[in-house]
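Turn these sequences into a full structure, and let the hints guide you.
Residue numbers (this note's numbering), protein chains in the order written: chain B, 131 to 208; chain X, 131 to 208; chain U, 140 to 366; chain S, 11 to 751.
All the pointers check out, no bait thrown in.
Here are the simulated lysine-lysine pairs, DSS-like style, with alpha carbons at most 27 Å apart:
hint, chain 1, residue 1, chain 2, residue 2
1, S, K570, S, K628
2, B, K140, X, K204
3, X, K204, B, K132
4, X, K140, B, K132
5, U, K141, S, K347
6, U, K212, U, K141
Cβ-to-Cβ under 7 Å is the rule here; a few derived chain U residues that face chain X:
hint, residue
7, R197
8, A240
9, V242
10, R245
11, L247
12, F287
13, G321
The set of hints was computed from the structure by calculation and includes no laboratory data. Fair warning: this is a prediction, and the values are worked out from it, not measured in the lab. Backbone N, C-alpha and C define an ideal beta-carbon position, used for all residues, glycine too.
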Amino acid sequence: MKALVTVMPKPSVLDPQGAAAAEAIRHHGLEKIGRVRIGKVIEIELPEPADEKTLHEIARDLLSNPVIEDYDLKISEI
Amino acid sequence: MKALVTVMPKPSVLDPQGAAAAEAIRHHGLEKIGRVRIGKVIEIELPEPADEKTLHEIARDLLSNPVIEDYDLKISEI
Amino acid sequence: MKFAVLRFPGSNCDQDCVHALNAIPGAPADYVWHKDTSLDGFDAVVVPGGFSYGDYLRCGAIARFSPIMKSVKEFAASGGPVIGICNGFQILCESGLLPGALVRNRGLHFVCKHVSLRVENAASRFTNAATTGQILNIPIAHGEGCYFADDETLLRLQTNGQVLLRYCDAQGRTTDDVNPNGSRENIAGIRNEAGNVFGLMPHPERACDPLLGSTDGLAIFQSILQS
Amino acid sequence: MTPITPEIIAKHGITPDEYSRIREILGRDPSFTELGVFSVMWSEHCSYKNSKLELKKFPTTGPRVLVKAGEENAGVIDIGDGWAIAFKMESHNHPSAVEPFQGAATGVGGIIRDIFTMGARPVFSMNSLRFGDIRGESAEARTNRRLFAGVVEGISHYGNCIGIPTIGGEVYFDDSYAGNPLVNVFCLGILRHDQIARGGAVGIGNPVFYVGAETGRDGLAGAAFASRELTEESKEDRPAVQVGDPFREKLLLEACLELLASGCVAGIQDMGAAGLTCSTCETASRGGTGVEIDLNLVPKRETGMTPYEILLSESQERMLVIVNKGEEDKVRAIFEKWDLPYAEVGVVNDDGMMRVREGDSVVVEIPARKLADDAPLYSREAAAKSLPAPLDLSKFPEADCAAALHSLLSHPSIASKRWVWSQYDHMVRLGATVLPGSDAAVFIVREADKILAASTDCNAIYCLQDPREGAKIAVAEAARNIACTGAVPLALTDNLNFGNPHKPENFLQIREAVEGMAEACRKFDTPVTGGNVSLYNESPAGAIDPTPTVGMVGIVEDAKHITTQFFKASGDAIILVGEPGDELGASHYLLAVHGVKAGPPPKLDYDKELAAQDAVRKLIRSGLVKSAHDCAEGGLAVALAESCMSGDTMLGATVKISPDSSRADVPLFNESQSRIIISVAASEAPSVLALLKKTGVPALQIGTVTAEEKLEIATAGKTFSWPLSGLLETWSTAIPSLMRG
Ligand SMILES: Nc1ncnc2c1ncn2[C@@H]1O[C@H](COP(=O)(O)OP(=O)(O)O)[C@@H](O)[C@H]1O
Ligand SMILES: [Mg+2]
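Below, the structure written as structure tokens:
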């Protein structure tokens, strides 16, 4: 099993990385794009099933910063 | 529409951030975990449909570095 | 020999490079803006350190697409000497002018300090003013200076004498303890196969004035002048 | 329209009296947006309403002062040959408590903008930090470690990226800062006298430009936020945290300097706390004019922002530029060259109003000068003064002094800060000739060919025990650190960090500290060029220890004079300039070994202090001094240990002190002031001592530098011998090992 935690900057928070990437993508020929945001993804291998509550706790308290980021947790079988 | 590019470090590349996260997760009480890897995710809003080939090009040439990273591109309707 | 010092948005060692070069007799230097497309009149190119485009996405990833980089590639293809320092090294790797990549330091922190470097091959356009085995004291300042290349590339670098500098201790031993960032085989600087493109994480321009504690950086610039 | 109710007024931190004053100024009720504008401009952070009357006590003039404190964004000091420096210190305490990385990063960004707004190129930064105890496994210790790591990383991120070296600073750890860390950042810039830029909206009809990052809903009402206590609740109603973009700021910095050099600029002002509001009304007030802007023209990051939100937003990396009419195209070309968003948003007029429109409708119309300069000023009630009881040493038996030195060196406040400063690029700009790790940093400013020394200092235990004496010592210690490098102090900036001024005991601390600092500034001939006040530094457990931090700058006349604190050669004589001393009150020895903050701080005698500093500087200039180090926290023993092991090569020392005391801890660890340890060639020792004697400065040779790697001190009938390897291990690993994992 795997836990996949995706952490994205909150919509209202400035994302300078995303803005820079958007600029670069436009230069690259794809001009009609909207907002670009950059987050991180943390892939945790779970040799045995883990408690979902604990995983949420870890995602919220450890892997993301709730002041500026939102997280999303997915547990997959492979 | 949205393009979602996930960029992960290649397995052979040192991922000290992933290792540090693993350490912290274990410390947090979730001891039975395998490898942890940290990558990034780039979310591109597409007000109009974009050419998939161009998107792949951008993901490969700009958003990731094939020497150290693998990418994955997903296009979603929402 | 006239040096072009490139300026990208976010370059911050450009002024230092110009200052250091201008203090060396015979090495006048001037800035070249990233939106420019010509290197006419220049005999060598310095890609300076800093945080081009904020190092967003990846270090050097965006700068690589600047208009001036096309000219740098042509300049390099025609045999002109190009040296990339720190962020400049990252840009050269991203551009494909040098093999490999630079990733996050294994200690996860930015590190600024003087380090010892062993000259691995003095038969190069960038190290001929030194001797093989000589130890240079030059500072580093980076958060992503861990050199990575796959085994095959490493072997090729080694066989061709492309590794020019390695992190070492005061006695010249390249142990893991003195590897400041986790670079494979303690690599601090490499050249391309043709021998005219050099990238290094340490900052030779910061070691050209006795008041700054070392003048060992001069060896690098003087090598370029001599060849 | 949101109706203005007493609740809404109170929520904005405006008192009923203040509200009547607002009504008087406007001749009507304010709109909701106008109320917001008043609330930020009249917050402590922007108006200094609780501290201004005290700040007036500082000396702000002098022959070198070109721009006085308070006149502009930062004071400007002449350093000769047509060159000048602008420098200032600023706090970002509350934002750092909520989000350490971004809080500290945006603090650095803010102080850098203050400097280049003056037309100066920023050349170096420093930082003064305070956290709760980072030792142990308690939840609190872990939080403190997280804050410490985050703040250092934030400073490193912003400073390194923008390419301004962080060359010095200080870090202390104490329970009083748990939950309310202090993050004070300092920046210095260089400029020519004729390059001084002003922040006035001058020239009726001149267009007003906005340049820099787009405005978002960042840090809404942060200025008001900085002017409240941190409670559990305020952590909940966190304003959207500001995220710094050092890359943008680097572009803004280069563009603004190019712009100022072009001669197109009539006035310029950064948007700091209270953003667009503050910059428009302050430029109008300074220019004696009015400024009118249209919010529809302001570049925005988000849609649907209300005038209230746009005006109060604290988005970073923005400037307001008043352009000489007719030069608009030149200005646009520069912004475009640097890829910066910009817009012409308004105009300077002659009616003295800050007028804000949203298209055709006027949303704010306030007399600018009244808003900017007529905030109410308060003199709060101060508690009666009480002096700390004399120290009863019999309550504190002499500790095992051999172990005590290790306890001191491993105390995070005294331990090596390499873990911190190695994360900062301190070498960029080719200036750091004395690296962090010596008393004051010494920096070559290449563009001016001048050498500056700089130090930040404040011992908050002294200030807790006696704020007046403590503040005096902060100034004296900064000057002493600067003297030890061979420099003469020029001027200083300060950051006054205190608790809630409405509490009489806190207000007493503020008043005492300001008066002490002001007096010391006069004595050391170092005018105050500006600074910052941060009040309401409290956590549920109470106020922080009073922390009036000093950032002092000095000048080295000749590179030959540059001196460091480390011993240089075995055989050299070690001379103590000053007396052995005996004051253990408020010492780190009592804190680290006996666990108390007790007794009065050491007494500062200005004459002695000035004489010692002058004498050491003279000796340095005559080329006689190989190293100079001041005795501070931990006294003589710690200072000697540092001189032995903080350089590139370790050198030992054999020392003998004959105290009046029968206890060894007194001579080893007392923190009496006005003491400097110098080392000189053995052959020069007699003449150095004779010279010192002639100037009336007490001094004696206390020992010799040795090649043997141990520190040996004989005193009070005992001989202590510490292998340097052990001391080094203790001192250098204390912080890294706490911060591992
Ligand atoms: N936050 C910091 N940033 C940069 N340098 C620091 C910081 N804290 C301490 N230092 C450096 O570490 C050295 C020792 O600091 P400190 O123990 O406060 O010295 P002192 O007691 O002599 O003032 C100084 O050179 C100082 O500049
Ligand atoms: Mg000191």
